[in-house]
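K.L.:
Now for the letters of each chain:
Protein chains: 8
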Amino acid sequence: MKTQVKNILEGVRDGRITVDEALTSLKTQPFADIGYAKVDLHRSIRQGMPEVIYGEGKTARQIEGITDTMLANGQQRILITRLSAEKYEILKEKYPLAYNEQSRCAALGAPPAPDGIGTIAVATGGTSDIPVAEEAAQTAEFFGNKVVRLYDVGVAGIHRLMSCKEEIMHASVIIAVAGMEGALASVVGGLADCPVIAVPTSVGYGASFGGLSALLSMLNSCASGVSVVNIDNGFGAGYLASMINHMEAEK
Amino acid sequence: MKTQVKNILEGVRDGRITVDEALTSLKTQPFADIGYAKVDLHRSIRQGMPEVIYGEGKTARQIEGITDTMLANGQQRILITRLSAEKYEILKEKYPLAYNEQSRCAALGAPPAPDGIGTIAVATGGTSDIPVAEEAAQTAEFFGNKVVRLYDVGVAGIHRLMSCKEEIMHASVIIAVAGMEGALASVVGGLADCPVIAVPTSVGYGASFGGLSALLSMLNSCASGVSVVNIDNGFGAGYLASMINHMEAEK
Amino acid sequence: MKTQVKNILEGVRDGRITVDEALTSLKTQPFADIGYAKVDLHRSIRQGMPEVIYGEGKTARQIEGITDTMLANGQQRILITRLSAEKYEILKEKYPLAYNEQSRCAALGAPPAPDGIGTIAVATGGTSDIPVAEEAAQTAEFFGNKVVRLYDVGVAGIHRLMSCKEEIMHASVIIAVAGMEGALASVVGGLADCPVIAVPTSVGYGASFGGLSALLSMLNSCASGVSVVNIDNGFGAGYLASMINHMEAEK
Amino acid sequence: MKTQVKNILEGVRDGRITVDEALTSLKTQPFADIGYAKVDLHRSIRQGMPEVIYGEGKTARQIEGITDTMLANGQQRILITRLSAEKYEILKEKYPLAYNEQSRCAALGAPPAPDGIGTIAVATGGTSDIPVAEEAAQTAEFFGNKVVRLYDVGVAGIHRLMSCKEEIMHASVIIAVAGMEGALASVVGGLADCPVIAVPTSVGYGASFGGLSALLSMLNSCASGVSVVNIDNGFGAGYLASMINHMEAEK
Amino acid sequence: MKTQVKNILEGVRDGRITVDEALTSLKTQPFADIGYAKVDLHRSIRQGMPEVIYGEGKTARQIEGITDTMLANGQQRILITRLSAEKYEILKEKYPLAYNEQSRCAALGAPPAPDGIGTIAVATGGTSDIPVAEEAAQTAEFFGNKVVRLYDVGVAGIHRLMSCKEEIMHASVIIAVAGMEGALASVVGGLADCPVIAVPTSVGYGASFGGLSALLSMLNSCASGVSVVNIDNGFGAGYLASMINHMEAEK
Amino acid sequence: MKTQVKNILEGVRDGRITVDEALTSLKTQPFADIGYAKVDLHRSIRQGMPEVIYGEGKTARQIEGITDTMLANGQQRILITRLSAEKYEILKEKYPLAYNEQSRCAALGAPPAPDGIGTIAVATGGTSDIPVAEEAAQTAEFFGNKVVRLYDVGVAGIHRLMSCKEEIMHASVIIAVAGMEGALASVVGGLADCPVIAVPTSVGYGASFGGLSALLSMLNSCASGVSVVNIDNGFGAGYLASMINHMEAEK
Amino acid sequence: MKTQVKNILEGVRDGRITVDEALTSLKTQPFADIGYAKVDLHRSIRQGMPEVIYGEGKTARQIEGITDTMLANGQQRILITRLSAEKYEILKEKYPLAYNEQSRCAALGAPPAPDGIGTIAVATGGTSDIPVAEEAAQTAEFFGNKVVRLYDVGVAGIHRLMSCKEEIMHASVIIAVAGMEGALASVVGGLADCPVIAVPTSVGYGASFGGLSALLSMLNSCASGVSVVNIDNGFGAGYLASMINHMEAEK
Amino acid sequence: MKTQVKNILEGVRDGRITVDEALTSLKTQPFADIGYAKVDLHRSIRQGMPEVIYGEGKTARQIEGITDTMLANGQQRILITRLSAEKYEILKEKYPLAYNEQSRCAALGAPPAPDGIGTIAVATGGTSDIPVAEEAAQTAEFFGNKVVRLYDVGVAGIHRLMSCKEEIMHASVIIAVAGMEGALASVVGGLADCPVIAVPTSVGYGASFGGLSALLSMLNSCASGVSVVNIDNGFGAGYLASMINHMEAEK
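Chains as they are written, first to last, in the numbering used here: chain A, 1 to 251; chain B, 1 to 251; chain C, 1 to 251; chain D, 1 to 251; chain E, 1 to 251; chain F, 1 to 251; chain G, 1 to 251; chain H, 1 to 251.
You can trust all of the hints, since none of them are fake.
Here are the in silico distance ranges between beta carbons for each label pair:
#1 G:Lys165 / D:Ile34: 17 to 23 Å
#2 G:Lys165 / D:Pro112: 32 to 38 Å
#3 B:Gln76 / E:Ala32: 45 to 51 Å
#4 E:Leu71 / C:Met169: 32 to 38 Å
#5 B:Ile90 / H:Glu56: 30 to 36 Å
#6 D:Met49 / F:Gly11: 33 to 39 Å
#7 G:Lys94 / F:Pro112: 54 to 60 Å
#8 F:Ser84 / E:Asn100: 22 to 28 Å
#9 B:Thr18 / D:Glu166: 15 to 21 Å
#10 A:Gly35 / F:Pro112: 23 to 29 Å
#11 E:Leu71 / D:Glu166: 29 to 35 Å
Think of the hints as simulated: they come from the structure by calculation, not from any bench. Because the structure is a prediction, the values reported are computed rather than measured. We put the CB at the ideal spot given by N, CA and C, even for glycine.
Please model the complete structure; the sequences and the hints are all you need to start from.
P.N.:
Here you go:
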């Protein structure tokens, strides 16, 4: 960014750019304004990096508008999260999307070969946590990570979790997904020596209060290296895990 | 109780008791009313069973009044819980109390020899949960149970808990006490095949909300056989554990 | 479990098992991994003990997969809880299930003759709490307990509850189910001398907050011997009650 | 009030009062403004009716100022609630107050002979609820009611409550005060056929959340005729009970 | 009740009743147990008093069963509350019900002539609070009270409320119903000199949290004589208001 | 108002009005009572000022009744908010409404030329906050304000917000609408030197708790000049913004 | 700000400033970094405008450091809010502060003559809300506004509020401060035609939950023109009121 | 760990270890049990890695016991967090601790030279968040990281944050600490391309609810790469940041 500003200033110095033009340029940002959305184009500049559209709360038409803007600006790989089957039915007419019903993720463009530091392990407390876990896993894969899935390993049957000890202890980053068994993050965090990203899910019943109980349980974990993202935020966990798994490369 | 009513009715039939006397008797209950408290005398009837006074929110003088009423009615063993050191200083002048500062329990009369089905295991997540755990443990001991203490076995270091696996799997009843690591109840419940009584404590910090997070975490446990008592209610857990540990004997 | 490990180690000593095989065996646990679920097979080992599938959040196909795995491993009696009528319609084509619409429980295999210490009493505050109560009662019956039902005995009409005093005072364990009248657990706990398992239900209205009010009311009970399970968790209460009612037998 | 307005209007018609004077009079209200407080003088007009000062959050000097204003306006009986011992020490120098440490109520002027429809029963769940109960009872007495106290009759020992059945069934109004045993209001409401005013108290521990649990429990009572006032609001309950107990007289 | 017991005891004394029969009689209560419900028959004993069935959470068949039991026991006037239009369609085939869609109340038997102390005023903050208000008003009318309706008098337009000042100041009891304007109870309570029953409703939006905000606002009212019933509990308010409005008559 | 009272009083003095008529007049208020609603007619008196009907919780027929009353009293411009498409379909048969599906606002009568102090800027954190923002914007326009829309400028991409810095710094009032990015109000408040009205929306997911998180975040803003209206209350924000933007004119 | 940037760019064009110097200047902001605080110096540039230091959570020494930095940069009038008496004792040794114990505000420099559009009215529900109200009032005065105080006008005695109707209807902006009577904002908002800023206070008891109940009540006000600031945030209300009261002047 | 087990098994195969000894060894864990605590000795095995003692809820004597056990097992560098000044006064007599009053951290042994991937930036919203920030910063330094402090950069004055843009964009990991301005995490997360660890603090007032508001605000951040730790958990953030900053080295 600094260079861009420097360029503008040098243009002013050299008389190539007027003061008013410079004023305008300094305000211009790398996004396109299409009224209902300001489409970020940051990543398309760095060739190959995927861009993400959060599908919920947007109409199929709005998603289409954003997608078109991205494509027109050279973006080649796009991930659409929280895409309902209904909206997918509309969008697939136009784009060659790879859609997964369970995770409600749609991908435009093929995932790259994994190039992270190591493997990202995605664990769930139960079977019903899998959709959120898949959002996390597919996001991580889309951003170039190798993912291992450890499903239904809730701590109430600790031997099931222990049978995955090997995968847990060898992971670079672990994503622990649970709606009832918030304890999963604690136990995994105690076993592993790597960052653990806890994702509460809203799938429990009774006093699970839409994921709040799991959220609190995860925040209160005494295990070091555990942090928490929003309830059901599989994408956020997958993205952050990828970021951590590419630490050396990024800097 | 039924017999008592039957006796009264037979007395009426036989003319030994007048109708009015019977009316009165039917209403008379086994407690003494001393104004600020209705002192239960149920247990003194069953010789040897201890009686309990909840000390919080009562003045030393009120506790004294209740104690005297109990003693006067033949009660021989009394447990006073939540007794502050200040009140103990006053009461010890009069009664030969065995007081424990950590649990704030005072006992009048010696504990009986353990006669339960098996052993009650009391586990804590951390060091600061010990006072509540001791209230549970000492209550259980006072009611005639053998107790084994497993302290500081929070699940964030699962190997510490696993080192106690033997004690956990051989217990009759387990009391799991934790303020931050509500997960303890889940893991213990998954390991054991016996009833687990979970006690949330208020000792955590941050989003532990005075034990609420641990409480919710424990309620959401997927392990079968786990139930929960009120935050910091060590006495309740110890008493219930004793009740379960004496199942056969009681009926 | 200990024996199993001992066997493996003796096999190593005697040369029957190689170190690597032993390593693998030590990690192998008594469950089958079918991808979306790790199916526990613990109970099938102890011939005759029923196994449970929690039906909510699982597709009919997933439940089928788990059932098949259990059957293939010799499990003979299976209880499926929280099974919607829709999923039952699919599953009944394949398995001879005994399904109860009110409790949403489906049983595979006949219930055994009751062999517990005594009777389990299941009480409800109102008529609308009955579905949860039935989940508890049928679970208890499936695990070999005699159950007595005391429905619509909310404390606002204490004489209705008092008319069941006999059943309450003779029960081995009591399950108190209520959505509005959380007080039920307190009163029952005060009347009875046995463990009381309180189950808050989510059927109330207004400031009942989906069972939260009943939950708090039950946790705050001053009656000794009361503990609480999750909102609507009829299964958990039934299972725990059975566990307590089989105390002597289990050890 | 209507008469007062009519008087003013007739004065205008008759030329005794100018339009501007009338305008002013219509706006003048029966209270005295002393800067930090607007002192109501409504009741002093109706000779003999007591007036109330809520002492919390007011300095001794402010209470003094309000008291003086009332006395100067002919008020003869004043009740000061929530008066700390410290403030009482200051005020007693000046006024002949009857102060009760437990309820923190101070009364100026003697209570009248009871003249209500019947008796007001004040019941508490435990010993530690007595201070709030006394605030209610003394308020009711100050407003001319006969009060019967039923303390420590929590429902966990239902026989203690049942021993007071007579008093409960003969009361005109019942005030049920409880911090842990919110159930008290339900049971009492089911036994009695008169209005029950429930007062949650903040004296519990654990998941009582400063009276919130009792409050919710009381609101969810299925007993007809139960209503609730704010946590610890003994005065409000006593005042409302008096109002109901004087129904006929008031109209 | 006392007489009933006395009769039994005298029967025992005189030999008319055996001890066992007396035991049974003493336990027999004035309700009929029809499995899913214990039908109270108290009121049918006091000829003419209406009885109430809470319709929510009960099937049409269950309501029918309860109704039949009541009728068979001589009950002549029955009020069914929270009766959905669907269930009404089924029940009207059998009973001559007077049904009101707005309040979802159905009445069997004609309302009596009002015989209370005075008039019950039912006020609402807005138009959408009317259904709950009607439940209160129709309940009060069914129990023999004269009702005046003051709808849409929220305090944000205080002149609308002030225009009803006359009705407010002459009422015996006031029911203040509001979902957003919890303030209504405070202002009405300040204007009137009679008991005010506040009913929070769940009809608000945003931070009204299903009536919780109105509930808290009403509990915090500084006006004397205000008490609160559960959210949307129009029946409870109407019943309590009737009880208060019949104070003299009842005792 | 004062004049109106003065007129009445002068009429009394001059004998044109009797005392009783005056009493009645003093009570008469500028609204029409149509049973289910008290229709305010204040604004119609001040020619040209629009009047507002809150459509939610009212039937189409009720809205029609209120509209007719307003029109009959000379009201010329009416704004109906929270009008569902279904109700609009009914009402449009009768009135020439300008309806906007996104904001669910319907306007009767053309908006006036803007006459406020300056421009009102309406900003949203994301695309899904737009419906609430449109309710605010259209309300402001209906009350005679120039509005500039700044949509999808959430602070997680601060450059998007910064690109609107000019509009933010030149606005008279800013409305910040956000469901997830409650931070928007803080950042905007720090940038601008004018009043900022924050509107939390209920469109988030996870721990957004229906707008509660955004609400709290906005209330905790350290920026001076920020205040908050209810969740989703676009109308309230638009109305208040208009009020502020017409400050000089109003007084 | 725009001009400043333009100056820099013109300097670059004219060769007076190098590109690097310009880069630095563009990043330099009008604040001084003193380690533990970044002291804003914005207002000192606009001669005469006061600057504010939030005293809570800062040591006397830190406040001193910030004050010195401000004074050194030409700031002449400073308001310190939430300044405890203890810290004031330290600071008064060095600065000629005008300190008010009730509001805990300290002012350096004399308040200017009021120059706003009209008067700001500050109303409180009770006597104990006065400290927060004074913070608001003194802040408004410090920023050049005329303030009228209307204390103890809670709606439970609506006549007290009505006696201030004149002041309310003539105010430019109203600040409504209340801890229990959140209703105050609604009623005031309904009476007045100007912006109302509601300030919940934490001084209530029982279910007031430290101001939360008042906060919710205020947010749910149906009166138009009402917005809310944080609990106890008297400063925020006073500052915003001043901003609104200077609308014309500011632009 | 695997090797250790392999060694044991090979010992059994080779006859060096008996089966019973192996059984014992397999259960022996690398911690020391000192009654009230199970002291982890994991890190002392990996020479040079520091070990941590959480000081809150432990007596000085207990901390001493744990420290001695660690030292006796070869641990050379120890960090004690949440150590009150009082306990420090006791401990410093025995150990050469480097204590910081603000962060309440005490370090035994000198910090190593930084060897992480890059720099960890620690930012705070205000001055009063600094103690928690220092706990994070000193923890990170103790684990071998270079730390840059960016204090008092709350988003309400976005220019202050922008002046640190350089440091933010060049950091490896960012820790955002805030009690009122939870928005800080969002804005920082939007600016940076690295993992952001958000730490809510409990230092706010009003509706900050002890950090809950900031916590929720941070969880709802729309910025990618943001995760959250418990309220006030500076240590957790510092430790996790270090873990991420050493990604390559660790694996």
